[in-house]
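Please put together the full structure from these sequences, using the hints given.
Number of protein chains: 2
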Amino acid sequence: MKQLQEKIIQEGKVLSDQVLKVDTFLNHQIDPPLMQAIGEEFAERFKGSGITKILTIESSGIAPSMMAGLILGVPVIFARKRKSVTMNDNLYTASVHSFTKNVTSDISVSKDFLKNGDVVLVIDDFLANGQAALGLLDILKQSGAELAGVGIVIEKGFQPGGEMLRGKGIRVESLAIVESLENGTVEFREEGVSR
Amino acid sequence: MKQLQEKIIQEGKVLSDQVLKVDTFLNHQIDPPLMQAIGEEFAERFKGSGITKILTIESSGIAPSMMAGLILGVPVIFARKRKSVTMNDNLYTASVHSFTKNVTSDISVSKDFLKNGDVVLVIDDFLANGQAALGLLDILKQSGAELAGVGIVIEKGFQPGGEMLRGKGIRVESLAIVESLENGTVEFREEGVSR
Numbered sequence: 001m002k003q004l005q006e007k008i009i010q011e012g013k014v015l016s017d018q019v020l021k022v023d024t025f026l027n028h029q030i031d032p033p034l035m036q037a038i039g040e041e042f043a044e045r046f047k048g049s050g051i052t053k054i055l056t057i058e059s060s061g062i063a064p065s066m067m068a069g070l071i072l073g074v075p076v077i078f079a080r081k082r083k084s085v086t087m088n089d090n091l092y093t094a095s096v097h098s099f100t101k102n103v104t105s106d107i108s109v110s111k112d113f114l115k116n117g118d119v120v121l122v123i124d125d126f127l128a129n130g131q132a133a134l135g136l137l138d139i140l141k142q143s144g145a146e147l148a149g150v151g152i153v154i155e156k157g158f159q160p161g162g163e164m165l166r167g168k169g170i171r172v173e174s175l176a177i178v179e180s181l182e183n184g185t186v187e188f189r190e191e192g193v194s195r
Numbered sequence: 001m002k003q004l005q006e007k008i009i010q011e012g013k014v015l016s017d018q019v020l021k022v023d024t025f026l027n028h029q030i031d032p033p034l035m036q037a038i039g040e041e042f043a044e045r046f047k048g049s050g051i052t053k054i055l056t057i058e059s060s061g062i063a064p065s066m067m068a069g070l071i072l073g074v075p076v077i078f079a080r081k082r083k084s085v086t087m088n089d090n091l092y093t094a095s096v097h098s099f100t101k102n103v104t105s106d107i108s109v110s111k112d113f114l115k116n117g118d119v120v121l122v123i124d125d126f127l128a129n130g131q132a133a134l135g136l137l138d139i140l141k142q143s144g145a146e147l148a149g150v151g152i153v154i155e156k157g158f159q160p161g162g163e164m165l166r167g168k169g170i171r172v173e174s175l176a177i178v179e180s181l182e183n184g185t186v187e188f189r190e191e192g193v194s195r
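Chains as they are written, first to last, in the working numbering: chain P, 1 to 195; chain A, 1 to 195.
It is worth saying that the hints were derived from the structure and are not from the lab.
Careful, some of the hints might be misleading.
One copy or two, either will do: identical chains are not told apart, so a pair holds if it fits within one copy or between any two.
[What the hints assert, rightly or not] Listed below are the simulated SDA-like cross-link pairs for lysine to any residue, each with C-alpha atoms no more than 25 angstroms apart in a straight line:
id, residue 1, residue 2
1, 13, 89
2, 47, 33
3, 21, 75
4, 2, 75
5, 115, 15
6, 13, 101
7, 2, 19
Values in this document were obtained by computation on a predicted structure and should not be read as measured data.
Right, dumping it as structure tokens:
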């Protein structure tokens, strides 16, 4: 997605060979028109998949998911990293390991919102090692809902998550795939090229 | 806002005299067309205030803020409850006490995104004791930015936050004000009536 690639080039900060900071438009400050364009792109790529719900994870997945949900005409559920005061025990729960922080934490979704018969698009802001996506897929499996595919705003193509998910036969649509952050420079994988 | 009141009546669950659960459309599952209507209402109420940024707090404030930002044509910043991997020390920080959970925690906003000269609309999902709003106002004050007002999706009118903020001369626009949750029933304050 050209508009997103250009935004990453203009505003992304390469903090190391592994870490791209995009908090001017996605992870802390949000650029609403870009989120709208991202939502439109996800909706275009997954239209005709019979999607009934979008599942994401708080907090940076919410804005792009909301726009995709608005355009696809379906509700958005965000998995909780912490239980809220009003969440009870009626929950699907999965463990997510963060390699960056080296901690494992639980994510939860109320059983009220995912059912057998739902066709679900999973959306997240970043795909790196794929652990958050695996947690969301675990929750989907528990619910009996069907996975339509995974929509990612920025995939770090030099980390193993994308290959791991595609290796399971899962449709992964990443709007920008960063091939390398070496030498402080963002290199993108050409669109249409998979590995 | 009639549409929001009707949604609360239809889907809100009164868990006690103090707690209203609205996780079918705001706090866990999100209803995108309702968020769009809420964003339009905030934009209508605050148009002409010269707003340059919207400031909210993760996670449930993000969806309504995003839609308001899209319509007002301004970026949205969400204060972080936890520091992210890519956040450094260039932060405004404030303490927020939660009476419900009886814990005090820090929220942070990067100094890059709020400046002297900004005119800021603060948006949050709920207003109860007003502690989250006070934390956001503290951050605004540190930044030198000007406060245009506070937009709230659901105010619990029987808790002191609304009165406390209005008593400071702050413009508070709540799209629904719940007057009482007694006897398991949601009673709204009439629009145009203030206390």
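Go through the numbered hints given earlier and state which of them the structure violates, listing their numbers in rising order.
none
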